[in-house]
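Read off the chains here:
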Amino acid sequence: MSGDETGILLLSVKVAFAGLAASLPPGIAVAFVLARKRFPGKTLFDAFVHLPLVLPPVVVGYVLLVLFGTQGPIGRLLEPLGIVFAFRWTGAALAAAIMGFPLLVRAIRLAMEAVDPRIELAARTLGASRTRVFFTVTLPLSISGIATGGLLSFARALGEFGATITFVSNIPGETRTLPLAIYSFTQVPGGDAQAMRLALFSVLLSLAALAFSEWLVRRSPASAHHA
Amino acid sequence: MLEVDVAVPRGKFRLHAAFSSDAPIVALFGRSGSGKTTLVNAIAGVVRPERGRIVIGERVLFDSARGIDLAPEKRRVGYVFQDALLFPHLSVRANLAYGERLTPPAQRFVDGERVLALLGIRELLDRNPVSLSGGEKQRVAIGRALMASPRILLLDEPLASLDGARKAEILAYIELLRDELRLPMVYVSHALEEVTRLADRVVVIAEGRVIAEGPAAEALSRAHMGALTGRFDEGAVIEARVATHDARFELTTLAFVGGELVVPNLDALPGEPVRVRVRARDVSLALARPSGITIQNVLEGNVVSIGHEFGAIVDVHLRIGETGLTARITRKAASNLAMVPGSRVFGMVKAVSIDRRSVGFA
Amino acid sequence: MRPLAALALAFAAALVAPAAHAQGALVFAAASLKEALDEVAGSFALGRAGRVDVSYAASGALARQIERGAPADLFISADTDWIDYVEQRGLAVSGTRRNLLANDLVLIAPAASQVKVKLSPGADLAAALGKGRLAMADPGSVPAGKYGRAALTSLGAWKGVEARVAPSENVRAALALVARGEAPLGIVYRTDALAEKGVRIVDTFPAASHPAIVYPVVLLKRSSSPVARAFEGYLASPDARAIFERHGFRLP
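Protein chains in written order, with my numbering: chain G, 1 to 227; chain C, 1001 to 1362; chain L, 2001 to 2252.
Everything labelled a hint here was simulated from the structure, so no lab data went into it. Ideal Cβ placement from N, Cα and C applies to all residues, glycine included. Any given hint could be a false lead.
According to the in silico footprint, chain L covers these stretches of chain G (three or more CB under 8 Å from chain L) [to be verified]:
1. 68-79
2. 186-197
Reference excerpt, derived from the structure (chain L facing chain G, CB under 7 Å, subset only) [stated by the list, open to error]:
3. 2085
4. 2133
5. 2167
6. 2168
7. 2169
8. 2237
Bound-form chain G, shown alone (with noise of 0.2 Å):
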């Protein structure tokens, strides 16, 4: 493996774990409110964390330009505080977090859901607050769906290409993530042995990261004794 290519392999590991890494908080807060509360607005609520997963890539990708850029609201209220996404490796790990939301939420709402509330609450007559019984209960019951949907939103991540190579485009070193990279290849005439390679290298990340997230459900205890 060249170094390029190892260059393109580790900037898309890096990429696909910051967005995971930031999109779990959120994702479990999410799935738990899904989960558990009811509210005017729920399916709204709902529908519109599903949209990345609705809409076409690109279209995605344009709105977080239109959000995130150098000249979008939030792009501009982060710039200050040192939060760059523009054409940084942080704007592809945003791209991708974006993307595979609405895998992670549904994959750990699924598990908060078919966790008994009656445990929540003998829990809570026992003497645990809301807070307490949160994550010394519904958490620990719901780590195999947390395990899977951080599985798929991983794998979503390693292959997001058009939400990405339009918001932050195609800079070597910076966004060009492995599909990027691929598809640059495909490009060049006599580019395809390359192409190969990387998509072969992808395949193997994947397969990694599904056999890491198989032995993290299997080795939590709530899994092996969950019904």
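Chains C and L: place on chain G using the hints.
Chains C and L only, in chain G's frame:
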């Protein structure tokens, strides 16, 4: 002293219940869907009444007039569910410790060792809840609730998902707890047998209302009990005292207001008060005192009323002295014997039909 | 079950329908031709029985699709490399290739920007960029990008800005970045710059600094559409040429 007076909206109807008790166990008795679980949920703080008041001792848990509504975690109310509901991701040890750890040391009064011993769960400590049997789970669930040093223990049909042998086992444990710990309990059940065994005080609930409240036998021996217990369980509860033992034939005689009952040997001292449940299907009737039969208990009394006639069966309510008794017979028999309210009859109860499970000790 | 059967039937019908579409022509054209070619195609359709549909993308993407059997009748590329590519694979009708149009390469900035740069040897583009990026089509594969790199290299400015480039999928995407103000400078065709009100032309790259920008057109072997041949001829007509000129293209 537990005082409850609440109105709770519930789906199609509204639960409107008021009762108070300082008995060791008060039973909430009624059919499924009558509102018993809603009531304990209100006591636990899981369900919020529309208005009312819930007080345990000097501690006000809920008072709509004063805007008090303590969160469940602040009520110190132990809750044992029908399905145990142990935390599957924690060991038994961790399950037991869960509530204990959340209780400020100053407020812990339950002796952990004693609870382990009383419930016989020490050897289960390192097991995982999923691998436990139904009975073991329920014992751990009781232990878990106790370890949090609750001021009152609520048990919502704790035996409902257990089979016959387990039921008896856990029932015995609960009796033991009632006698050993000085912890008030509220026991919810639709099973007459459990209520008879455990409770000195019974609150009968039907369709969201308290229709009877008081000492067990009194509250339970109402004519319209049939609708509450289900046909099989229809019967009467008689308050009696142990009179004598027959060592030779291993029988015990119980005395009640109106007569005597002979039952297979009861492990109790003379003078001890007991509650005896006599199922209607175990009572036969005769117009004249029969002779040359095996039945030990022939009780003279009068017909008070003849109950609803469903199909081939009819319930006849009798009065034996001051005590009520119900006999379930065929409509044909009732017709042939021309029974009407006021008729003099003899109620016959096979001694064998009254076993340990039918007797509760006060 | 009936609604399900109806749905299945409609779906099958939809699959069959495209066959009926073969009466028109499908043209694959470089992204930078969009406004002009749309107008030309519209003008062609007005007086004739036959529709012309145009699919715009980066020339490389189009060439690849043609190689994989895309049902295009005509291919108009933004550089000679990709037409060569198609010809070498025997996908073009020999003798039908000719240079249709020519274009210039320009440096653009957002309309509100006051930046001044003179594109001559030794031009200091890096200074003008500051912390921002230079938006251009991918210099590795897209014609507009390749021309841009060639031009900057011959001016001695490529090394200084190579690390600051934001490569886009096609030249229109680069144009959009500058128009939005995301990039302070960009390299696009003159025709693109004229089509977008949100940008202004800072300077034009000297013609000597890059290979001639020509748009070759070729008829593809796969084509059996008479409309395609007619359209190919129409492209050279006075009407069509007038439209192209109005959009800023030069005619060879």
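Right, here's what the structure says about each hint:
no.	hint	in the structure
1	68-79	holds (count 3)
2	186-197	holds (count 4)
3	2085	5 Å, holds
4	2133	5 Å, holds
5	2167	4 Å, holds
6	2168	5 Å, holds
7	2169	5 Å, holds
8	2237	33 Å, violated
Checked against the numbered hints above, the structure violates only hint 8.
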